[in-house]
Amino acid sequence: MLWRDFDDLNGFWDPWREFEWMRRRLSRLISEPTYDFPPVNIWVSDDDTVVTTEIPGIDPRDVDISVTGRTLTIRGSRKSEELKEEDSYHRRERWSGRFSKAIELPFNIEADKVSARFTKGILYITLPKAEAERPRKIEIKSE
Amino acid sequence: MKAGTKELQKKEARVKGDVERTKEKRLYCPAVDIIERRDDIVLIADMPGVDEKSVEVTLEKDVLTIYGEVEPEIPENHRLVSSEYGVGDYQRSFTLSDEIDRNKIKATVKNGVLRVVLPKVEAVRTRKIPVKAA
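Keeping their order, the protein sequence lines are chains A and B. Mapping the first sequence onto numbering that gives the first Met the number 0, position 134 (from 1) lands on 133, and the numbers just tick up by one. Mapping the second sequence onto numbering that gives the first Met the number 0, position 4 (from 1) lands on 3, and the numbers just tick up by one.
Since the hints were made in silico from the structure, they are not lab data. Because the structure is a prediction, the values reported are computed rather than measured. We put the CB at the ideal spot given by N, CA and C, even for glycine. It is possible that part of the hints are untrue.
[To be verified] In silico DSS-like pairs for lysine-lysine, Cα to Cα no more than 27 Å straight-line:
id: 1; chain 1: A; residue 1: Lys83; chain 2: B; residue 2: Lys105
id: 2; chain 1: A; residue 1: Lys100; chain 2: B; residue 2: Lys109
id: 3; chain 1: A; residue 1: Lys83; chain 2: B; residue 2: Lys10
id: 4; chain 1: B; residue 1: Lys119; chain 2: A; residue 2: Lys83
id: 5; chain 1: B; residue 1: Lys10; chain 2: A; residue 2: Lys78
[To be verified] Chain A side only, calculated, beta carbon under 10 Å to chain B, not exhaustive:
id: 6; residue: Ser44
id: 7; residue: Arg91
id: 8; residue: Thr125
[Unchecked claim] Far from chain A by the CB rule (all over 10 Å, computed), these chain B residues:
id: 9; residue: Glu83
id: 10; residue: Ile104
id: 11; residue: Val112
Construct the entire structure; sequences and hints are all you get.
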């Protein structure tokens, strides 16, 4: 496909390439890749972006997703186990407490159409691109 | 936040010797809490992507193994542009002491968290002896 070929050409501006590059550069500054919590994976198509994150054991009501312009913010908290006085930890490795993470996407988000799903401890957030920023197919008329 | 001070990256499971899995999928070591209560020991493991059908709890001799298989859910017609966490199966083993009543072990999974309750044998349940002031 013609557009695909263009995409692979050097110098063709891909906002996602820049996004990844920025992130790598930032993490190099801190020497170790330290991402703020929770870690996310980002998937894109022409029309939208899907952000996924693993936050097991959380009550979906304790998660707050907000969108402004190009920024997605995920906030939430997970309570630690309630222990009685005689109970004791042998191991305590699981995280607990509050978290907040903001992700800036390379396009404006259609805030009204954002949807989220929580299944098996994984959160899926679908963020459609603002109408004006979607790629448009232009028909070529033959005379 | 407590999480900020701890290592939060998923850890790959250690493999004994050079034994490898036939599957090419990654294998992670789930983070666990183990709590001893008066009548039982509770093991809680974070295993996102796992449900009651894809998790296995086995007890062989004195080794308790938890295993979870994850079928990665990939959004259709999307490409991955940024990845901060990996997806794979989970496995971890623990040795149990004799004080566990093996026939009464119960396991449940909810929202990607496995919870195994290991009841203590009747005889070892600690009895609280009240100390009276003389």
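Now the hints, each set against the structure:
Between lysine 83 of chain A and lysine 105 of chain B, the direct Cα distance comes to roughly 21 Å. Compliance with the 27 Å bound is thereby established for this hinted pair. Distance restraint check for lysine 100 of chain A and lysine 109 of chain B: the Cα-Cα separation of roughly 24 Å lies within the 27 Å cut-off, and the hinted pair is therefore satisfied. Annotation: proposed proximity of lysine 83 of chain A to lysine 10 of chain B is violated, straight-line Cα distance about 30 Å (limit 27 Å). Distance hint between lysine 119 of chain B and lysine 83 of chain A is fulfilled; the C-alpha atoms sit about 17 Å from each other, no more than 27 Å.
Straight-line distance between C-alpha atoms of lysine 10 of chain B and lysine 78 of chain A comes to about 22 Å, which keeps the hinted pair within the 27 Å bound. Restraint check, serine 44 of chain A versus chain B: the minimum CB separation of about 5 Å is within 10 Å; hint holds. Taking 10 Å as the C-beta cut-off, the interface hint given for arginine 91 of chain A holds, the closest approach to chain B being about 5 Å. For threonine 125 of chain A, the shortest C-beta to C-beta distance to chain B is roughly 8 Å, which falls under 10 Å, so the interface hint holds.
Chain A draws glutamate 83 of chain B into its interface by the beta-carbon criterion, the shortest separation being 3 Å against a cut-off of 10 Å. For isoleucine 104 of chain B, the condition that its CB be more than 10 Å from all CB atoms of chain A holds, with the nearest at approximately 16 Å. With a cut of 10 Å on Cβ distances, valine 112 of chain B falls inside the contact zone with chain A, its closest approach being about 4 Å.
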